[in-house]
Amino acid sequence: MDVGDDAEVTVVRTGGVAGVRLEATVAWRDLDEDARAGLARALERPDTTKPPGADRLTYEIVVREAGAERLRCVTGEGDARHAAEAVLRSRR
Amino acid sequence: MSRCCIVPPTMLDRIARHGTQAQRDWALSTIALDATIRQARVQNQLLRGVRGHREGPDALAALENQSANREIRDAQGAEQVMRGPIVRTEGGPPTGDAAADEAYDGLGATYDFWEQAYGRNSIDDEGMPLRGVVHYGRDYDNAFWDGRRMVFGDGDGKLFLRFTRSLDVIGHELAHGVTEDENGLQYQGQSGALNESCSDVFGSLVKQHALGQTAEQADWLIGADLLGPDVQGTALRSMAAPGTAYDDDVLGKDPQPAHMDDLVVTTEDDGGVHINSGIPNHAFYVVATTLGGNAWERAGRVWYETARDRGLRSTATFTDFARITVAVSGELFGAGGAVEAAVRGGWDAVGVAWT
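Chains A and B, in that order, are what the protein sequence lines are.
The opening residue of the first sequence carries number 48 in the working numbering; numbering runs sequentially from there.
The opening residue of the second sequence carries number 1313 in the working numbering; numbering runs sequentially from there.
These are computed hints drawn from the structure, not numbers from a lab.
Treat each hint with caution, since some may be false.
What the hints assert, rightly or not - Capping the alpha-carbon separation at 20 Å, the derived lysine to any residue pairs in SDA-like fashion look like this: (1) Lys1470/B <-> Val59/A; (2) Lys1470/B <-> Arg1450/B; (3) Lys97/A <-> Thr1578/B; (4) Lys1565/B <-> Val59/A.
As the list claims (entries may be wrong) - Pair by pair, the computed Cβ-Cβ distance ranges are: (5) Glu1643/B <-> Pro98/A: 34 to 42 Å; (6) Gly1605/B <-> Asp81/A: 49 to 57 Å; (7) Ala1650/B <-> Arg92/A: 54 to 62 Å; (8) Gly1605/B <-> Thr95/A: 45 to 53 Å; (9) Gly114/A <-> Gly1605/B: 56 to 64 Å; (10) Gly1459/B <-> Ala115/A: 39 to 47 Å; (11) Gly114/A <-> Gly1623/B: 46 to 54 Å; (12) Glu1528/B <-> Ser137/A: 20 to 28 Å; (13) Val1576/B <-> Ala74/A: 27 to 35 Å; (14) Ala74/A <-> Gln1529/B: 45 to 53 Å; (15) Ser1379/B <-> Glu91/A: 48 to 56 Å; (16) Asp81/A <-> Glu1528/B: 46 to 54 Å.
Said to hold, decoys possible - Computed footprint of chain B on chain A, listed as stretches where at least three residues anywhere in the stretch have a Cβ under 8 Å from a Cβ of chain B: (17) 56-63; (18) 67-74; (19) 98-108.
Computed from a prediction, not measured in an experiment: that's the story for all the values here.
Backbone N, C-alpha and C define an ideal beta-carbon position, used for all residues, glycine too.
With the rest of the complex left out, here is chain A:
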């Protein structure tokens, strides 16, 4: 997936037993390679299967270039979680 260095990515985490909404935006270039790769995989193949049970986390990932939305997905906890959490950690 080709994402420009001037792109920025926003992650919104919802759900979980806490039910707290967390949101953070970072420059694509500021993410390490693992995080970029994880986000790219999620954007290409989001995990849309609804897992059984309750209180699971959901991540919305949005990539903007020059202020315009280019990519968006909603994904479950699977492979994307670590990359999405890396974005959220940048805010703390």
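With chain A held as given, fit chain B onto it using these hints.
Below, chain B without anything else, positioned relative to chain A:
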């Protein structure tokens, strides 16, 4: 052990009197078992409830398993629920690991609540083992019910601490299993918010029961032990005052409404299941504090029987749920009585129609 007593009692009696020693021993033990099972069947009928629930507490199952059956597994930081070692089983000594021992104790307190308050034998009322998984993932900021077990993360240490610290959260997760077993409230929109609310209600009641607190003494907070030291807030949710649990730079402001006028319409969070649960949560709080005393005895009983009612659809709205609570309260405690009035008042307070 066969539960089917196909040999007629008169024949068993005859064998017991006139058979060989081995036949007599067999017949006597069968007669004794048969009497126990008959007694359990009568007990099942008595416990089935006032509204003909599809399935009551299972006294037959209880004959075989009358106590908690806990199993705690340590995921050791992996995101797999079956790979890590089992670190504590029923009756085993403390491990010295706080998360494992808190999970074990919390599951025990939750089992005791359901059994002592409502005669319910575990999640499925048939003695289902209570499985907990601790140390799931690295800095995992969550706890969840996966349909078979409760899974607890350690938190990131900044926003959230380890999720086993909070007894009401443990009770909350296990109550998802009860909801799944009884009515399968769909995890979306208002039915999803009811699903979440029932978990908060029974999670709070687990804590109140364990602490011996009355409705007046309870804090009515969910997850009061979970927030990290720098977070501006007291808990994840407040049933007494939805929308006031936290107001923090990172977490934002608690978004829960306490009234239908403020119902949140959103596509996030499965349609706001953790947000709009504030409305039925507050209704329950009003009912419980209006009645006073131990909240699990009357308000909790009404909510439990509503959750088990065959008329509760998996797509129920707040109004559907409210109507059943009013009907159940009248049937359990007397039509037009104080409990029914309190239940009506609770729904009125949050703007949910019940007529």
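Do the hints match the structure? See the list:
Of the pairs offered as hints, the one joining Lys1470/B and Val59/A holds, with about 18 Å between alpha carbons and a cut-off of 20 Å not exceeded. A threshold of 20 Å between alpha carbons decides the hint, and for Lys1470/B with Arg1450/B the separation of about 13 Å falls inside it, so the pair holds. Taking the CA atoms of Lys97/A and Thr1578/B, the gap is near 18 Å; set against the 20 Å cutoff, the hint holds. For the hint pairing Lys1565/B with Val59/A, the CA-to-CA distance comes to about 15 Å; that is within 20 Å, so the pair holds.
Checked against the hint of 34 to 42 Å, the C-beta distance between Glu1643/B and Pro98/A comes to roughly 37 Å, which is consistent with it. The hinted window of 49 to 57 Å between Gly1605/B and Asp81/A holds, with their beta carbons roughly 55 Å apart. The given range of 54 to 62 Å is respected by Ala1650/B and Arg92/A, whose C-beta atoms sit roughly 57 Å from each other. Taking the beta carbon of each, Gly1605/B and Thr95/A are about 47 Å apart, inside 45 to 53 Å as hinted.
Under the hint 56 to 64 Å, the C-beta atoms of Gly114/A and Gly1605/B, about 59 Å apart, fit the expected range. Restraint check, Gly1459/B to Ala115/A: a C-beta distance of roughly 41 Å satisfies the suggested window 39 to 47 Å. In this structure, Gly114/A and Gly1623/B meet the distance hint of 46 to 54 Å, their C-beta atoms being roughly 52 Å apart. For Glu1528/B and Ser137/A, the hinted distance range of 20 to 28 Å is not satisfied, since their beta carbons lie about 45 Å from each other.
A C-beta distance of roughly 31 Å is found between Val1576/B and Ala74/A, which places it inside the suggested range of 27 to 35 Å. Checked against the given bound of 45 to 53 Å, the beta carbons of Ala74/A and Gln1529/B, roughly 51 Å apart, stay inside it. Checking the proposed 48 to 56 Å range against Ser1379/B and Glu91/A shows it holds: the Cβ atoms sit about 50 Å from each other. Between Asp81/A and Glu1528/B the C-beta distance comes to about 52 Å, which sits within the given range of 46 to 54 Å.
Closer than 8 Å: that is the beta-carbon criterion, and the region 56-63 of chain A has 4 residues meeting it against chain B, so the requirement of 3 holds. Closer than 8 Å: that is the beta-carbon criterion, and the region 67-74 of chain A has 3 residues meeting it against chain B, so the requirement of 3 holds. Coverage of the region 98-108 of chain A by chain B holds in this model, with 9 residues showing a Cβ closer than 8 Å to a Cβ of that chain against a need of three.
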